[in-house]
Amino acid sequence: AQSVTQLGSHVSVSEGALVLLRCNYSSSVPPYLFWYVQYPNQGLQLLLKYTTGATLVKGINGFEAEFKKSETSFHLTKPSAHMSDAAEYFCAVRALQGAQKLVFGQGTRLTINP
Amino acid sequence: DGGITQSPKYLFRKEGQNVTLSCEQNLNHDAMYWYRQDPGQGLRLIYYSQIVNDFQKGDIAEGYSVSREKKESFPLTVTSAQKNPTAFYLCASSRPDRGLSEQYFGPGTRLTVT
Numbered sequence: 001a002q003s004v005t006q007l008g009s010h011v012s013v014s015e016g017a018l019v020l021l022r023c024n025y026s027s028s029v030p031p032y033l034f035w036y037v038q039y040p041n042q043g044l045q046l047l048l049k050y051t052t053g054a055t056l057v058k059g060i061n062g063f064e065a066e067f068k069k070s071e072t073s074f075h076l077t078k079p080s081a082h083m084s085d086a087a088e089y090f091c092a093v094r095a096l097q098g099a100q101k102l103v104f105g106q107g108t109r110l111t112i113n114p
Numbered sequence: 001d002g003g004i005t006q007s008p009k010y011l012f013r014k015e016g017q018n019v020t021l022s023c024e025q026n027l028n029h030d031a032m033y034w035y036r037q038d039p040g041q042g043l044r045l046i047y048y049s050q051i052v053n054d055f056q057k058g059d060i061a062e063g064y065s066v067s068r069e070k071k072e073s074f075p076l077t078v079t080s081a082q083k084n085p086t087a088f089y090l091c092a093s094s095r096p097d098r099g100l101s102e103q104y105f106g107p108g109t110r111l112t113v114t
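Protein sequence lines, in the order shown, are assigned to chains B and L.
Under the numbering used here, think of the first position of the first sequence as 1, with each following residue one higher.
Under the numbering used here, think of the first position of the second sequence as 1, with each following residue one higher.
Read the hints as simulated data drawn from the structure, not as lab findings.
Remember, it's a predicted structure, so these values are computed and weren't measured experimentally.
Positions of the beta carbon are idealized from the N, C-alpha and C atoms, including for glycine.
Keep in mind that a hint or two might mislead.
As the list claims (entries may be wrong) - If you only want the chain B side, here are some residues facing chain L, beta carbon under 8 Å, derived:
hint : residue
1    : 19
2    : 43
3    : 107
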């Protein structure tokens, strides 16, 4: 079975500062990993995903994440925060085989201070 | 433009009434999903369907029912048996599993039951 833990339900950074949102996963088989963003009262939008190959994955809006198998982590980063990055971010994992079910973390709400 | 439509955006019902949430997609995706989102709890899977006329229970199926008579449509009924139906409901879809597919989300329906 898969599970996801997002460390920190709320992260606050200053505009222009580094954004780091943490995600650790548990999976008995090689995982697929995803980061989604959600703006208030909207659906989820895919930021980036890791399936196979390069462990550093680049996504939209300047975000990237690195798959570290030894640490079972998939942390999301952005070098310089922008006010428009304020949103809720979800990390998700799914198994390589079987049903395409995603297991989501609890979410991290990112606040950007001017 | 292809996408997922959920209607209505906001829905209000009295306790004891069944209510059906609509989800339509024109992405030609085989798989469709329903999630429930509550503050601080991330997304939890209610039901999913990998093909027309077939669906499986997710993690929190009690008090909900679905049908999948057409590829494009996956309506969710919240029955009076659901003890705490007030929540934000998200529908998603994905392509057949080639190992790379992510889920695409609709804009959501916020259901309030009083």
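Going down the list of hints, with the structure as the test:
1. 19: violated (20 Å)
2. 43: holds (4 Å)
3. 107: holds (5 Å)
Against the hints set out earlier in the document, a violation occurs for number 1 only.
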